[in-house]
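A.B. asks: For the record, the sequence lines run as chains A and B.
For the first sequence, the positions run 1 to 205 when the working numbering is used.
For the second sequence, the positions run 1001 to 1188 when the working numbering is used.
Simulated from the structure, these hints should not be mistaken for lab results.
Incorrect hints may appear among the rest.
To be verified - Among the chain A residues that face chain B by a calculated CB cut under 8 Å, a handful are:
1. F29
2. A34
3. V35
4. E39
5. Q41
6. P43
7. W45
8. K159
9. P162
Stated by the list, open to error - Negatives, chain B to chain A, calculated, CB over 12 Å:
10. M1019
11. S1076
12. Q1096
13. D1154
The beta carbon of each residue, even a glycine, is placed where N, CA and C say it ideally should be.
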Amino acid sequence: MSLLNEPAGNQPVVTIKLASTSDELMQCFALRSAVYIGEQQCPYWEEFDGNDFTATHLILYVDGEPASSMRLRWFGTFAKFERAVILKRYRSMGLFIPFTQWAMEFARKKGYSRVYLHSQHRLWPIMERQGFKKVDDKIFHFSDHEYGAYYCDLAIDAKDTPTMYSDPLVLNRPEDQLDTPGILEQSVERGATNPHAGWSERRSN
Amino acid sequence: MSIVKQSIGGEPVTTKLAMKMEDSMQAFAVRAACFIGELDVPYSEEFDGHDFGATHVIAYVGDEPVGAVRVRWFQSFAMPERLAVIQRFRGNKIGQLLIERCRKLAETRGCNMLYAQVLPNDVTYWEKQGWRRLVAEEAGGAPKRIVAMVRAVDPSKPLPEVEAPESIVLRPEPQLDASGLPLGTASN
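Bound conformation, chain A alone:
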């Protein structure tokens, strides 16, 4: 979890995390239903298009209340950001840019050097101010909106980027906490008793 602004006075507390429990996943889906199905009249099967269980979901809370979410999918050479929503009542708070920055930092720490997204025409200036560049001049449309493809290069740091030669237990950590020892590192203390050592591959005749 990260604090975007210090909780000073009556400033709302904003937290962002990887959706890592079924409740958090459900919150992401509820936010998308509210914005896309409720506000923008998107059909259910276009919104929930079959890619939700191959993706990473990020969720942002304002004072503990689910306010914004984003879906990230991982391709060979780039991360694709999709389904970014902010609930209407939280839209004037300037959450979009810090949330996108957080997601970019998340992708960068995973070792991705490029982010790709489809941006609705009206948001192009915002994306360009954030350092996103057009992939090409094509304009395409789906679900009633016009889009352009954008990308942004991320400065990955060769010494922190996960590789096959990284500490194996670092690769096991929760992906939004790659800097902090995870629960499996704690399990190391129990030692290796290899309880299944005597099992053969075939368990039955």
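Based on these hints, arrange chain B on the given structure of chain A.
C.D. replies: Just chain B now, kept in the frame of chain A:
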């Protein structure tokens, strides 16, 4: 009983009980669209902790989930709540279809009474479907924020007069038991 349209734009209108995770997900999506998206209800109020102790009914136009209602079960009544129909499908009596499915479900479970807490503006809608106020409206009384309404599951067996409760307690905060409900006062 008015006739319910069986198809919209050539697509059949159907209802089903949520049986799988995907079904429940669809019910939650419809409610999130209507209550959070349209009516600006906070997530934590809409998903109040009762969803996994309840039965969910979903309405479809073709394969598109367009409506949902949640039924909670009490010893002496069944309580439909969180009735929602996606905006562009309203005006097709889908809400009525969902409530009727709740009634039939209550019937198969040997339940005699349906109980609902209704916004004052919606009282007429429920009355048209055979519901009545639990407590008669007081002339000159202060307007209520929520109106308790009841309906006999079997219309040929009308409910006996129920005693008027002193007040109906509505708890906005998540209550994981039913203690906020007028159990003792709405029984038959």
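A.B. asks: Against each hint, give a clear statement of whether it holds in the structure.
C.D. replies: Each hint, compared with the structure:
| no. | hint | in the structure |
| --- | --- | --- |
| 1 | F29 | holds, 6 Å |
| 2 | A34 | holds, 3 Å |
| 3 | V35 | holds, 6 Å |
| 4 | E39 | holds, 5 Å |
| 5 | Q41 | holds, 6 Å |
| 6 | P43 | holds, 6 Å |
| 7 | W45 | holds, 7 Å |
| 8 | K159 | violated, 40 Å |
| 9 | P162 | violated, 32 Å |
| 10 | M1019 | holds, 18 Å |
| 11 | S1076 | holds, 31 Å |
| 12 | Q1096 | holds, 21 Å |
| 13 | D1154 | holds, 35 Å |
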